Structure formats: C-alpha cells, structure tokens
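Novice: From just these sequences and the hints, can you work out the full model?
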Amino acid sequence: MTDSLYLDEVAGFLRSLDDPTIPGHELLLSLDKEESLLSLQGTEIALQMLDVTPVDDLFITVEDSVDGNRDHHTDSDCTSAESESVASTSSPPVVVESIRSRDAIRRSTYRQKQKAEKDELYRQVEELSSQLSMLQKNKEDAEVSRGTGLAQTALWKALATRHMQGRLIAEEQRRRLCEAVERRSALIRDLGVIIRKRISEEQPEEEPAAKKPRTESPDMALYQAYMSELDEVYARTDGIFKDTSAQREAEECDESPGYFSVQRKVENDSRYHELVGKSTTPFAYDRVQVYIDRACCMENRMGRELIEGASVPENTTIVKARVNPAGFAGSLVQHTVRRKYAEADRIVVVSRKFTEGDGAFSGMQSDETGWSIVRPSPSCVKGGAGTLLESVTRFVPINFSSASSSGVTVKQFAAAIIKAGEENCQSCIQQLEMLLLNDALGVC
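Under the numbering used here, the letters of the sequence shown match residues 7 to 450, in that order.
There is no bait here: all hints are sound.
With a Cα cut of at most 30 angstroms, we get these calculated DSSO-like pairs of lysine-lysine:
hint, residue 1, residue 2
1, K326, K425
2, K248, K417
3, K203, K326
4, K346, K326
5, K145, K163
6, K326, K417
7, K248, K346
8, K143, K124
9, K346, K425
10, K425, K248
Simulated restraints on C-beta separations:
hint, residue 1, residue 2, range
11, K121, V100, 26 to 34 angstroms
12, D125, L165, 57 to 65 angstroms
13, G172, E207, 46 to 54 angstroms
14, D445, S206, 40 to 48 angstroms
15, S206, M170, 47 to 55 angstroms
If you are wondering where the hints come from, they were derived from the structure by calculation, not from laboratory data. In this text, all values refer to a predicted model and were calculated from it rather than measured experimentally. Note that CB positions come from ideal geometry on N, CA and C, so glycine has one too.
Specialist: In structure tokens, the structure reads:
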C-alpha cells in the first residue's frame, strides 16, 4: 500500500516537472511542503531520477567538516567560529541554486523538444489534411467520370444497335433489289432474243439496210409506263397552270412579237426544278392547230429515233435523242413520250421525259413532266388575231449510289437539263413560226 502511494506521488512529481507552466521556485516550495518527499529514501530516489545529489548529503558533509574543524581548532577565537558557522549556513543555498539552474535547463530543453514535436505534428496534420482532400477530390472525380462513362457507353450501344438494324434492313432491301434486277435482266434478255429472232425471220434478206422508224425498243417498258400516266398528267393541267405565274402573265398578255421567255424557278430545298414559258404569235389559232403536230422539238438532235408500233396510239409520239449541251462535259440521252389532247377552244400537249446522264454525268437521271397549252390570244376577244402558247415543265433529278457525289457535278447536270429544255422550246417556237410563215406566203 505504501509503495503504491509512493509511486503515485513520484508520478505526480514527474508530471509537475513536465509541466512547463510551473516555475522552478514554486516546484521547490511544493517539494518542501510534501512530507512524503522529506524522507531520506524518497528524496534520494527522486534526486537520483533527476541526476541531482541529495541536499542532505551535502548538509552532512558540511557538518562533518565543521565538527572536524571544531575538534582541531577548539581554541580558535569567536570570530573564526562565527565565520565558519556563516560558511556552513551559506553552502546549502548555493546547492539549491545549482539544482534550480539544472532543472531550468532540463525544462527548457524539454519544452523546446515538445515545441519541436508539436510543430512537426501540426505540419504532419496539414500535410495529411491536404492529401486527404486531394484523395477525396480524386474519388469524387472518378465517380463522376465513371457515371459519365456509363452514360456514354449506354448511348453508344443504343446508337450502334440502331445503325446495325438499319444496316440489316438496307442489306435485305439490297438483296431483294438485286434479285429483282437479275429476274428483270433475264426476262429482258429472253425477250430480246425472241424479238430479234422473230424480226430476222420476218425481214427479207434483200431489204435495204436503210434506217426506219423503230417499232420495238429495249426501252418499250419505260414508254408503256409513261403512256399509262399521260391521262393522269392531262387531268392536272389546269391546276398546274394556276400554281404558276404563267396564268397571270397570260391574262396580261398583249400583241407582242413571237418569243419564248423562260423563267426559272430553281430552289435548293425544293423537290423539283420548274421552267415556265410563254409566247404569242400573230397567226390565227385555226392555222396554228394545223401545224402544231409538225413542230418537232428534237428534229435536229443527234441520233434522233422515232419509236412507232401498234402499241403507240395515234395522238402519241415517242422520240429518243442524244443531247450535247454547249459548255458541259457530259451528254444527255432523253426519252420523250408526248400526247396531244384537242379541246373545243384549246389544244393541250402533255409529255413525260426520262433523261439519262452520260460521260461526266454518268449515273445521273432525271424524271420530267411537261404541260403545254395552245389557245387563242386574249386579244381575239377584242377583234384582234393571234395565238397564245404556254408551257410549264418540271423535272426531278435522280442520283444513284454509282453517281458522282460531287455537288458541283449535280448542279451542272441540272443546269444542262435546263439548258436543253430552253433550246427545245425555242426550237419548237421557231419551227412553228417558219411553218406558219410559209403557209401564209403560199410556200410549199
């Protein structure tokens, strides 16, 4: 029990020594007040722990020296005895001061060590705090990037699936189209063989090889399809002219010399290109309707072929010709199916035309529909004479995958078709006026 109390007191004493806030003189006063530390054994142990010589030993040594001096100098005078007594009494404060100085040095060293350790700990706290903040930020960034990556991955998978489905559908359509092309090609080859065989059997060997109007053509299927559409095209005549500016200009037309003014309506975002033309001629309407059939728009075209046969109606004309527009590298092959409808007060001519590009325009095609009206001029109502000719042409360029993808080439192809249409209209007007003039002059 005594040992445990003693150890507790020693621990308290050491804590008081470690406390830098307690001054040295207060520490010594506390030592004097503690009775447990006044014992020789406790004091020696405490001082040994502090590496300090016990004060009592110093006192004993001093007393022994004083007693010895007294034994040897019993007959010294009173002044010597008093000086020795003063010396003996002044020695203990010197020892205490030495203890205090060493204790102060020890505490100062300890405080400096603690301060250094404290500063080091603060530095480590700041460093670890910055590392923790950086790690937390990296973790948040990683989570955010992981979430974004998952979203992008899901979007990519959805797009990839969509494109794959589109590709499968396109491949299936391509396969079906290839099969249809093969079947049609085989059918065309078989029909060609049969037709050529029949022609060779029916044609006499002595017949001259002069070029005649063709009664059969490899493009007859196209012509048949166009001929079946002409009645429907004719039914749309009035609506087409109401949608264009030709009707308004016709109502304001006066007796002007014969000409054909082409107005272009070509819009980049439109589905078709449109040519609108109008012309007036001083010749009477009854004479114009006689010669209108003889005005052929493709009379001077290279390689012009007139397609005839039992399947071609009397009021229908089929012409195939090659057109080389000036200023363009490519050429055009045009298949035209035209039909005339005679009404009480006017003549309506409708046409369907298929244009194939050749040379620089290879792979490009165009589907064209035309409406033309020939009727008495509005001046006839006022007692005058004259005939009004109106025309509206619309064509839709068609480009397949084999065609050139250059936008410049596509624009040149459209410009070539427009130029060819203008030349055809001008040629028809000039030829019709020449026929009417010869008729008026009595020239055969």
